[in-house]
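Student: The primary structure of each chain is shown beneath.
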Amino acid sequence: MLKLKNALIYDPKNNKAGVKEDIWIENEKIVAEPSERKIKELKEKDILEEIDLENKIVMAGGVDIHSHIAGPKVNSGRVLRPEDHRRDNVPRKGKLRSGVGSTVPSSYVTGYRYSLMGYTTVMEAAGPPMKAKHIHEEFNDLPFIDKGFLVLSGNNYFVLKFISENNFTALKNYLAWLIDVTGAFALKVVNPGGVEAWKEGKRMRGIHNKGTSFNLSPSEILLALAKANDELGIPHAIHVHTNDLGTAGNFKTTNETLQLLKDYRVHVTHIQFSSYGKTENDKVKFITATDQVAAEINRQPKLTVDIGQLVFGEATTMTADGILEYNLHKLSGNKWVNTDVEMETGSGIVPMNYKKKNLVNDIQWATGMELFLKIEDPWKVFLTTDHPNAGPFTAYPWIIKLLMDSNYRNDYISGMHKNFDDYTDLSNLTREYDLSEIAVISRSGPAKALGLENKGHLGVGADADITVYDNLEKRDIAEVFAKPKYVFKSGRMIVKDGELITELQSGKTLMTKPDYDPQIAEDIREEFQKYYSISIDNYGVTDNYYKKVEVVPCNFKG
Amino acid sequence: MLKNKSFTLITGRTIKQGMASVSGKKNEGYKKETAYVEISKEILKKYNLEEDEKIILESDSGQVEVRCKGAELSDKIVFMPYGKTANKLIGTDTGGTGMPNSKSKVVKIKRKEEKAN
Amino acid sequence: MSKLELTLKRENPALIKKANKIIGKVPVEAQNIKPSLLKDLNISEIGEIELLSGKESYLLKDFFEIEGSPSEEIIINGDLSNFKYLGAAMETGSITVNGNLGMHAASEMKAGYLEVNGNVGDWLGAEMTGGFIKINGHAGNYVGAAFRGDTLGMNRGVIYIKGNAGNFVANKMRRGEIIIEGDCGELLAAQMIAGSVYVFGSCKNRVGAGMKRGTIITLNEVEMLPTFNYNISYFPDFLNIAYNHLKKDYGIEVPPQAYKRRYKRYTGDNTELGKGEILIWENV
Amino acid sequence: MTNVKEHKNITCTFCGALCDNIEVEVENNQIKKLRNVCAISRKKYEHALEDRTVPMINGQKSDYQSVITKAAEILKNSKNPLIYGLSSTTAEGQKNAVKLAELSGANIDSTSSVCHGPGTMAKQLVGMVTATLGEIKNRSDLMLFWGANPVEAHPNHSKRYSILAEGLFKKNRSEREIIAFDVRKTPTAKMADHYVELEPGKDFELLMALRLLINGKELNSEKDEIAGVKITEIKEIAEKLKNAKYGSIFYGMGLTMTGAKYMNTWAAMSLIRDLNSYGRFVMMPMRGHGNVAGSEITMAWQTGYPFAVNFSRAYPRYNPGEYTAVDLLANKEVDAAFIIASDPAANLPHQAAAFLKEIPTIVLDPHWNLTTDLADVIIPSAIKGITATGTVYRMDHVPLHLRSFLEDQWPDDAEAVSRIGELIENA
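Residue numbers (UniProt numbering), protein chains in the order written: chain A, 1 to 558; chain B, 1 to 117; chain C, 1 to 284; chain D, 1 to 427.
Hints may be right or wrong, so weigh each one.
What the hints assert, rightly or not - The calculated label-pair distances, taken between Cβ atoms and stated as ranges, are:
no.	chain 1	residue 1	chain 2	residue 2	range
1	C	E56	B	G62	32 to 42 Å
2	D	S277	C	N220	34 to 44 Å
3	A	R525	C	E56	22 to 32 Å
4	A	Q292	D	G216	35 to 45 Å
5	B	K46	C	T7	41 to 51 Å
6	A	G333	D	K235	25 to 35 Å
7	B	N27	C	I22	50 to 60 Å
To be verified - Simulated crosslink set (SDA-like; lysine to any residue; CA at most 25 Å straight-line):
no.	chain 1	residue 1	chain 2	residue 2
8	A	K93	D	E422
9	D	K43	B	S23
10	C	K18	C	I49
11	B	K26	D	D51
12	D	K332	C	L59
13	B	K69	B	D93
14	D	K242	D	N172
15	A	K355	C	D150
16	A	K357	C	E115
17	D	K33	B	V22
18	A	K95	D	K202
19	B	K76	D	D224
20	C	K3	C	E91
21	C	K55	C	N32
22	A	K202	D	E166
23	A	K161	D	E166
24	C	K204	D	K223
25	A	K355	C	K204
26	D	K171	A	K93
27	D	K202	B	S61
28	D	K5	A	R525
29	C	K18	D	D373
30	B	K76	B	S61
31	C	K275	D	S277
32	C	K204	C	A111
33	B	K26	D	D408
34	D	K230	C	E221
As the list claims (entries may be wrong) - Which stretches of chain D does chain B cover? Using the computed rule of at least three CB atoms under 8 Å from a CB of chain B, they are:
no.	segment
35	47 to 53
36	255 to 265
Everything labelled a hint here was simulated from the structure, so no lab data went into it.
For clarity, every value in this text was computed on a predicted model and none was experimentally measured.
Even for Gly, the Cβ is constructed at its ideal location relative to N, Cα and C.
With the hints as extra help, turn the sequences into a complete structure.
Tutor: Quick look at the structure:
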C-alpha cells in the first residue's frame, strides 16, 4: 500500500481545492484510509510506503480528450517529416526504448512526453475503421498512458445508406457493431457528408445542402448519429469536427450545428478552428467570432468543447477532413498527403509553421484564448491543441500559464501583429484561471465528458493516476506544469523529479461495447464483400491485438 | 557492329520467375527463369543472332552468359527477369539514393564466339 | 603560428579484418575534431576526445598520432574515407585533410575553412550557413544540399571543388556559391531556391529540375528539361564581375574563355516559380 | 478417419496486393485444395513445406537454441551490424527486429530501399495523394499504369482492385479508361486502351512536361517529341488527365529504378497533386513483397523513419544512400549481417551481396535460398500465413491478420528475433 501524505489536493469533482489530505493507494486504485489496525499491520510487515508531499500540489493524472497519437494518419505524418525528427533525438535508456520527437513523435516518445507532463489518459481522435488493427498495434507500443480511439463514422457508406433509407435500427446496430469490431471507444464525426463530397470531387458548404450521391445534408447525418449515440448509451457524446472547419465565417455553421443538436449530447472538438467570423472588405478576411460561439456554448447545458489552441512554431496538421488539408496545401504550398479510405473516410496531412508575425495565425491564436476566457463554465471547455494540428501537446504548460496569468498574457500580446486588436478582443479580457479551473479543463472535465468515471478525480475508487506538482509560489507556472515532481500511473511511480523511471509499463486500451443485434454483420455482408477490397471476415480486430483492455460500460441514459 | 551498340538493361518480374522463385530458389527452374535476356527481334535479325543462342551481356560491373530470346521490344533496351544473373550486371553505385541502377544499366552484347556479321 | 597535426594510425579500431586482412572499415564519427573545441585543450586532453566508430566509443588517440600544439588550425593526414562529420557544425578555425574524407564533411558548417587534398563523400557542406570549403579532388552526391525532407539546403558560404561532383549538387540551395571545376552528376540544383552554381565541366541530365530562383552557369552544353524556356543569347556583364570576384576573393581559376563571351540564357523551372536561370557558354 | 478442414478468407502473402480470399482445404497437415489463388500463389502454397531450412552453424547442423545464441553473440560483438530484409516477415517480426537493431546498435534497412523506398523519399519532399485499393475500384474512371506490370507481379490485382473489378460507382471495364506507360509492351500494357511507349530513363521529362501542361503553361520543346512521345500525344494525355473525375495511377519499379530515381516519383507525385485542382486523382505504389509496406509502417512508429535507419548512437537516424543495404555492403562498412526473410544474394547487385560472404552473416528464413548458401548461421522459421500468424500491411497500408492452418516444428520470425534480442538485452 502507498500513502501520499500532506498533499494539497485539487480535485474539483470532489470539491477539493487545496485541501491538505492523504491519499491511499492499493492495487492500482485510490482507496479509503484503512483502519488503524490495518495501518499498524502494514507497518509491521513493512509494506506501507509513504511519500511526503508537504506543500505540493496534487491532481488526478491529466486526461486529453483529443489528440492524434497513433494510427495510419499519424504514422504517415511521421514518415512525411524526417526533418521534424532529426534534431530531437531520444536515446535508449535502461529499458526505455529510443525514438524521436518534435511535432509527430515516435510512439514510445509520445508515451514518454505525455507521462513526463503528468498526463495519464489520452484519446486518439480519429481512426479509420478499416485500419483499426494498425491503431491497436501502435497502442501496444505506446507506453504508460491509457488510451482509446474514436472511430470515424460521419461519412461511412453504411451510415449514409442507412440514414438515407431512414433505417434507424440498422444505423444503430451498424454503429455499435463498428465500435465492437474495431475496438473503438466512441464515435467521431468529421465534416459529415463533406468527406464523401471531396471524394466525389464536390464541395459542400454549411449543413443544410445536399451534395453527394447519397442525397443527404450534413444536418441529417448529424441528427441521426447524435440520436443513435444517445440511444446506444455510449459514455461519450458524438465527437464532432464541424463542417466548414478552418474557413472564414464558419461560426455560423458551428452555431447552426450546436443549435441543431441541442437535445443530444455533443462534444465539438478543436472549436477554435470553427469560430471565425469574416470581414468582406479586407485582405485578411478572418476575425474572431468568439462572442457568438461562446454565447451559444454558455446557453447549452449538455454541450462540451475542446479548444485546439494554436501554438506558434512547427505543427503538422492531420485530419480525416481531406478537403481541409487540400485547402491548407493550396494556401501554404507545403507538402501534402491525402488518403481516401474506401467506404469510410478520408484523411490529409500538411506541415505548418504558425508565425507570430502572421496576422491570421495571431487571430487563430486569439480565438482559442478568447474561447477559454469567454466560456463561463470550465466543465464545458477542455485544454487541447488538437495535437499536432494547432501545435504539439507539449505546449499545454505554456497554455496553462497564459490562462492563469493575465499579465503574462498581455505581455505576450504586445509582441503580436500591430493590427491584432482590430480583429480580436483578447486584450480586453482579464479573467484568470485558478488551479481548480485548470484541474477541470485538463483532467476532471475531459474525464467526465468521456464518461470515464474512474478518471480525472482522486476520490475513493478512482484509478491511481496522480500527478504531483511543485507549489506555484515563486515558480514559473509553465515550468511547474511541464515538469511534475512525481507522476503515478495505476499506482506505480513512473516519473520522479522530471525523469521517467527507466522501466517500461503498458497502459490500458479503453473500449466500449454497446449492445447490438449481430445480424447486422450478415445484413451488410453482400455489399461489403462487393465494394470493400477485403473480406468482412478479415475486417474486425482480433483479440490478439488487445494486450490490456478496460471496457467502459455503456450506461448513459438520456 | 554489335559490339559498338549499347542497350539499357531493364530488369523486372515475369510470372514464371515469380512462380519459380516460390518453388525453391535452389531449383533448376529458378535458375532457368532468371538467366535469359529478351532482345528485339529486329536486333536479333540484324545481327544474325539466333533464338536461344548463348550470348554474353556485359556492363561496367560484370558479365554474364545467357540465352537470348526474341521479343517485341524497342531496339534501345534488353530485358532480363530480375535475379542473381541480372544482378551481376547491376553496379552498386546508388548515386546517394540507396537504389542501384536496376532498370537503367548500360550493357553491351557480345557473341560467345565471334562470327561474321 | 602553431598547428595541431593528427596522423591516422595504420592500425586503428575501425578496421574490419578477416584472417588479418583488412576487408572493410567501420565508419567513424569525427565531429568532435572541432577547432573551437580543440584549441582550448592540452595535448593529452585532445587525445581523450571521444570518437564513435560504429556503436563503440573510442578516444582520438586510438586513431591518431598527435603532434604539434593545440590550435584552431588542424592538419589531418591519412585516408579518412570512413570518417564522417569532420568539420560538421564547425564555427571557426581551419581543418586541412591530406587524404580522402567521408560523408557529411563540414555539413551544417557555420564558419571557418575546410580543405581536403583528396576526395570527399556525400553531403559535403549540406545545410551549411557559412564558411569556405575547398576540395582538391572529387566530391560525392548532395554537395550543399538539404537533408532528407528539409526545406533549405546550403544557406550562405562557399564550396569550391577542383574535381568532379556527384548527383544532387545544390539540392534546395538557398544562398551561397558552389564552384565545380570538373563535371557534375544528375539533377544539379534540383529544387534550388536561390544562390549560384558554376560548373566549368559538363553537367548530366535534369539540370535545375524544380528550381524556383537561382543561377546556374555552365561552360558546356546541357540537355534542357522541357520545363525551361530559351530567352536570349547575350554577353552577361555581371558574369565578368562574378568571375573576377571568384578569382579575387577565393583564388578560383576561372577558365579564360569564360570571360566576355556569349551565353545562352534559359529560365525555369516553369512548373515552379520559373525565376531560375541557366546560362550556357556558347562556343562560337 | 480423415480430418479435412476448410479455411476461408486466408491471406496470400506473396505480393503487396495481399488477396484475402484464398480458400484452402487441409488434410493431415497437407494442403489438398486451393481456390482463388493466382499462378504464383498456387506454387507458393504447394511448395510451402518443401525445401525447409534447419539450424546450421558454419555449414554444420546444429540445434535451434545454439543458432539463436550464436546469432546474439555475432550481433553483440560486432561494431556496426546490418539487419536487412523484413519485407516478407510479419509486422510482429519487424517490430522485434527494430528493437533488436536498437539493442545491437545496428543499421536496419528493408528491401524497400531497392523497391519503393524512393517513392517514400519523394513523399518526404512533396507528399502524396493516395487512396485504398477499394476506393480506386469503386470510383476511378481513368487508370494509369506507369512502369508497373501487375499482370506478372500482382496477378490478381486487375481482377480484385483495378482494370476488371466491380466497383460501387464504376461497375466494370467499360466504365474505365486505361493507359499504360512503359518501355516495353508488357502483358499489362496489352490490357490497356492506350499504350504509351517511353524512351528508357526519360519518365522524368515526360512527367514534367505533363505538369507544365496541367498548370496551363506552354510546352516549348525544341524537338517534336519528349521521351519518345509526340508533343501532340502528350497534349492529348494531359487533356485526359484533366478530365478524369477520379483518376488513379499505379506506379512500379519503372519509376523508382530508372533515371532520376526518387525524383521520378517526385515528379509523378507533383503531377498527381496538381491534378487535384481539376478532379480527384490518386496514386498507388505497386508494392512487391507481401509486407514491405508493413516494414515501413512498423519502423516509422518505432523510430520515426521508414527504412535506412542507424542506431549506432542509441537513437534512430535516417539516411538512404548511407544506411541503405546496398551502400553499406558496397562500401564495406558493416562487420556482420542479419538477413531476415529475404534473399539479397539473389536480389541485390552482385558486388554488394558478395560482401556478405566476407562477414559473419545470419539468415532467418523458412526456406533455403541463395543467401543461405553464404550464411554462417541459419535459423529456420515458421511460414507466415501458413504455419505462423501475424500482421501484414497491404500496398495501401490496410492491415490484415494472418491465420495459420498448418503445423510447423519451428517458432516464427517474431519469436526468433525476440529471443536473440533478449539474449543481448540480458547479457
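Student: Of the hints stated earlier, which fail here?
Tutor: 3, 5, 7, 10, 13, 16, 18, 25, 26 and 32
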